[in-house]
Amino acid sequence: MMETAHATREMSKFVRNAWYVGAWADEVAEGGMMSRVLLGEAVLFYRTPAGKVAALEDRCCHRGLPLSRGQVRGDCVQCGYHGLVFDRQGRCVHVPGQERIPPAARVRAFPVEERDGMIWIWMGEPSLADPAKIVSQLFSESAEWTFLKDRYSVAANYQLITDNLMDLTHVGYVHTRTIGGTPEAHSEAETRTVNTESGGVLVERWMLDSIPPPSYTAVHRFGTPRVDRWMQIEFFAPSVVRIHTGAMDTGKGAREGNRDGALLFWGFNAQTPETERTTHYFWSGARNRVAGDSSSDTRLDSLRVTFAEDKEIVEAQQRSLDRKSQPLVMIASDSGLARARRQVEGLLAAEGERQEP
Amino acid sequence: MMETAHATREMSKFVRNAWYVGAWADEVAEGGMMSRVLLGEAVLFYRTPAGKVAALEDRCCHRGLPLSRGQVRGDCVQCGYHGLVFDRQGRCVHVPGQERIPPAARVRAFPVEERDGMIWIWMGEPSLADPAKIVSQLFSESAEWTFLKDRYSVAANYQLITDNLMDLTHVGYVHTRTIGGTPEAHSEAETRTVNTESGGVLVERWMLDSIPPPSYTAVHRFGTPRVDRWMQIEFFAPSVVRIHTGAMDTGKGAREGNRDGALLFWGFNAQTPETERTTHYFWSGARNRVAGDSSSDTRLDSLRVTFAEDKEIVEAQQRSLDRKSQPLVMIASDSGLARARRQVEGLLAAEGERQEP
Amino acid sequence: MMETAHATREMSKFVRNAWYVGAWADEVAEGGMMSRVLLGEAVLFYRTPAGKVAALEDRCCHRGLPLSRGQVRGDCVQCGYHGLVFDRQGRCVHVPGQERIPPAARVRAFPVEERDGMIWIWMGEPSLADPAKIVSQLFSESAEWTFLKDRYSVAANYQLITDNLMDLTHVGYVHTRTIGGTPEAHSEAETRTVNTESGGVLVERWMLDSIPPPSYTAVHRFGTPRVDRWMQIEFFAPSVVRIHTGAMDTGKGAREGNRDGALLFWGFNAQTPETERTTHYFWSGARNRVAGDSSSDTRLDSLRVTFAEDKEIVEAQQRSLDRKSQPLVMIASDSGLARARRQVEGLLAAEGERQEP
Chain A
1 MMETAHATRE MSKFVRNAWY VGAWADEVAE GGMMSRVLLG EAVLFYRTPA GKVAALEDRC
61 CHRGLPLSRG QVRGDCVQCG YHGLVFDRQG RCVHVPGQER IPPAARVRAF PVEERDGMIW
121 IWMGEPSLAD PAKIVSQLFS ESAEWTFLKD RYSVAANYQL ITDNLMDLTH VGYVHTRTIG
181 GTPEAHSEAE TRTVNTESGG VLVERWMLDS IPPPSYTAVH RFGTPRVDRW MQIEFFAPSV
241 VRIHTGAMDT GKGAREGNRD GALLFWGFNA QTPETERTTH YFWSGARNRV AGDSSSDTRL
301 DSLRVTFAED KEIVEAQQRS LDRKSQPLVM IASDSGLARA RRQVEGLLAA EGERQEP
Chain B
1 MMETAHATRE MSKFVRNAWY VGAWADEVAE GGMMSRVLLG EAVLFYRTPA GKVAALEDRC
61 CHRGLPLSRG QVRGDCVQCG YHGLVFDRQG RCVHVPGQER IPPAARVRAF PVEERDGMIW
121 IWMGEPSLAD PAKIVSQLFS ESAEWTFLKD RYSVAANYQL ITDNLMDLTH VGYVHTRTIG
181 GTPEAHSEAE TRTVNTESGG VLVERWMLDS IPPPSYTAVH RFGTPRVDRW MQIEFFAPSV
241 VRIHTGAMDT GKGAREGNRD GALLFWGFNA QTPETERTTH YFWSGARNRV AGDSSSDTRL
301 DSLRVTFAED KEIVEAQQRS LDRKSQPLVM IASDSGLARA RRQVEGLLAA EGERQEP
Chain C
1 MMETAHATRE MSKFVRNAWY VGAWADEVAE GGMMSRVLLG EAVLFYRTPA GKVAALEDRC
61 CHRGLPLSRG QVRGDCVQCG YHGLVFDRQG RCVHVPGQER IPPAARVRAF PVEERDGMIW
121 IWMGEPSLAD PAKIVSQLFS ESAEWTFLKD RYSVAANYQL ITDNLMDLTH VGYVHTRTIG
181 GTPEAHSEAE TRTVNTESGG VLVERWMLDS IPPPSYTAVH RFGTPRVDRW MQIEFFAPSV
241 VRIHTGAMDT GKGAREGNRD GALLFWGFNA QTPETERTTH YFWSGARNRV AGDSSSDTRL
301 DSLRVTFAED KEIVEAQQRS LDRKSQPLVM IASDSGLARA RRQVEGLLAA EGERQEP
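Residue numbers (the working numbering), protein chains in the order written: chain A, 1 to 357; chain B, 1 to 357; chain C, 1 to 357.
Worth flagging that the hints you see were computed from the coordinates, not collected in a lab. One or more of the hints may lead you astray.
Copies of the same chain look alike in the list, so a pair counts if it fits in one copy or across any two.
[To be verified] Below are the EDC-like pairs computed for lysine to aspartate or glutamate, each with C-alpha atoms no more than 16 Å apart in a straight line:
1) K13 x E141
2) K149 x D116
3) K324 x E41
4) K149 x D301
All chains should be built: construct the whole structure from the sequences, respecting the hints.
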């Protein structure tokens, strides 16, 4: 029940040695460009006609014009002001009207990886960029999964979105129009919070032998009137949260690992900082398709409304914290978010040590 | 004819130990909430179903969300994020999912008083809040008075509005479309400026045996072609101005106190700081109804236009002062506003002494 | 091929002892007023009923209201708040309601000159204002010249516009829709850059015996299939650029000074700082009318589009430089703009010396 002043203090820096979702893959067409501010820096994403994605600092080293004002030329980009050309490594390879290329003529290039329909970017020390550390989305549009995704621009620090996801007791108060239901039921579920081996946090909740909510029975045919429900929220530092929820006939061993005939939901949330007070919130959701399912799933469609409600809350919260930075008071359900914030603090501290001699 | 640099310097602080108008009473319905920034702080006004008004800091102590995103629950409010409940004294009385309430879980509560159709708030030291010091509006909608009120959001420091009201020679230059008329007549009226016993300022002007303006004769039947006119502007530090004007048949002893058959106007102006550069300007006006009156009073309706003209002027003035903070030059008609500003400075100085050991 | 950090550093000050274009003459009607921020200061331009232009600080010395809220009264202006009157030298000549005028009651007045349809203003030390130093526009609407002019509000430092004009190799990349054409041709033209006697910079380029662009042959009948083309860009510190381009039959001695039957264009560009990050960009263009001309000149009309393209570029450049202030890399074609920036630095340094004892 300690008090902390983290909300405003932590907003002033970002973990740089980490993979962040920079874009959905389909946001960058072949031969196309896209400019986006990430971690306070203007980044140009472009895709060569051959399909390769590259990410450069979006600022020509000559007169500072964003390179996104220019054009893709084969594997390279050409500045739209005086025609300098840069390759995927950020090297200037052509200056119109002169033979010699100034040695300083280069722009920063960022490691990128395309995975699960997303473009991941590494904005820290390039030599540390290990693609094996990218978090998998686990699901995508397919015969087995109904799938939905989007990106919301949220006017709040990215950690306020993580906070929101790590404490789902908010569901009963914020999402009364959609997935809400009975607030106290969520607060009283059996909850376990642990640190994971990958340096993250897992919050797990079980509601055994409970009445399924109408939104479940509307899309899925259960064999018993009561069901076993579970909810797993996994945080991957510094800014990804994967949520898995499900329900199946009670007494069939759900807790021991059986998933026969279960209704399964997966959510993927990547809150990539744009600035200290704005975030690119990439989210996706999926539900498994099984025999007996309803053909439509209003719960999945309602994710748009649900995440818009969360966006509204964290934006109001950000404005409030900006106005006044006094300590906040913690309650029991903050256990998950407190652990997540400590892990981010650990990463920031480690980077601080690395930067200083 | 001294020079002063007060305009910008004084903007940086507020008198806190004072009653301010926070809202018109009808802005807060039974069971309803309203959020407003006053003196730089977000305040939640709410009214219980039983009709009692309360004012709390509009920021939940748990995660900082404005409490105005929640709901009134009986005598209390419940936060719209994770369901914490606070009573009218700001004490947390319920945390969903746990028995124990953290001792630090409380939000600031402000003394409030409902008077004359207004909600007054005290944002300083609560033990000093004496309701006897609230300034009365003196009039309201009734059989005797035609009444009009409103609140304007003005993008200027509150003292610029006080200045405007304390020097009515501006009427002839700013309000040419409404109550203006002959500028020099106003400048040449007999004027007396004194400090009042209540720590305020009174500016009094008399125009005896003068031709009544068309706006007067349009609504009132006088018994003589010429009338005695008066104008009393009373400032109550730090931010209320009450204006009383009137006219009656000349030679009937108006100056000695007789008011038989007089036309009377009352104005009430409360300029409550929102921030250093924005103000909630609450104003009302009233005219007495007597036999022989016209049934309509265009002058009262024209208050909307008149105050909108003042708003435009002080907003332009604020932008100009923000651009350049060089000394201003005083003239004779600044006597009233100079006294008013000195009284506010005195209150600020007194609070400074109180805060320091 | 040096690197410089000038882009952001130089933005923080203005040369004050210089003539700037403050307005097109037709922006200030007889008996009319116009307010404009120049070099960070609010300036009131007004014209007396007799046609004389005056420029005063746009801020009444009494309560700070912009004088542009008032009215022209003969040779003077009257404040729209309490009626103070100021003459063309900024002296207060009337205070309503009092005989004595406070000695400090005056506003700053700026030297102005009306020339070539423009109002020039001097915002530095008035005793140094020498009208002989005003740069001539050289042309205007007449039987000999087709003429076009306008003012664009550009959200960029004025020097970014100068940069743009001093390196016309950008034409092939920025103006592909209008005057662009073949980028590399511009980069490879024979170019000479010199400092001028008037303390400016001249960039001169010659393309002898070359194929005339379609935009030239569309408006002008040449006697030979190939033409001699020239381009002269002259910078007058701190912020005027005059551009002269032309073409005539090849082999007729254009380089030696003959202009018989030539097609001539003149451009005049005055980038007057509004603030450090915004500029009033006054531009005009003219083409000579000769026998055999087409009656219309789409190139002249297209100046609107061309300058709008430049505006978009320098605004994107400004935002980019604001985000990150790291050094820029120079290339060969920056020779003209580098000289121009050095001359502005020289003027700024000289003013710094003058201000310090």
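**Report entry** Identical-chain pair category, K13 with E141, by Cα at 16 Å
**Finding:** neither (35 Å within a copy, 57 Å between copies)
Report task. Evaluate K149 and D301 at a C-alpha cut-off of 16 Å and name the case that applies: within, between, both or neither. Result -> within (10 Å within a copy, 47 Å between copies)
Requested in this report: Could you figure out if K324 and E41 sit no more than 16 Å apart (CA to CA) within one copy, between two copies, both or neither?
Outcome: between (27 Å within a copy, 8 Å between copies)
Query raised in the report: 16 Å Cα cut-off: does K149 pair with D116 within a copy, between copies, both or neither?
Result: Cα proximity of K149 and D116: one copy only (12 Å, versus 55 Å across).
Of the hints listed earlier, the one the structure fails to meet is number 1.
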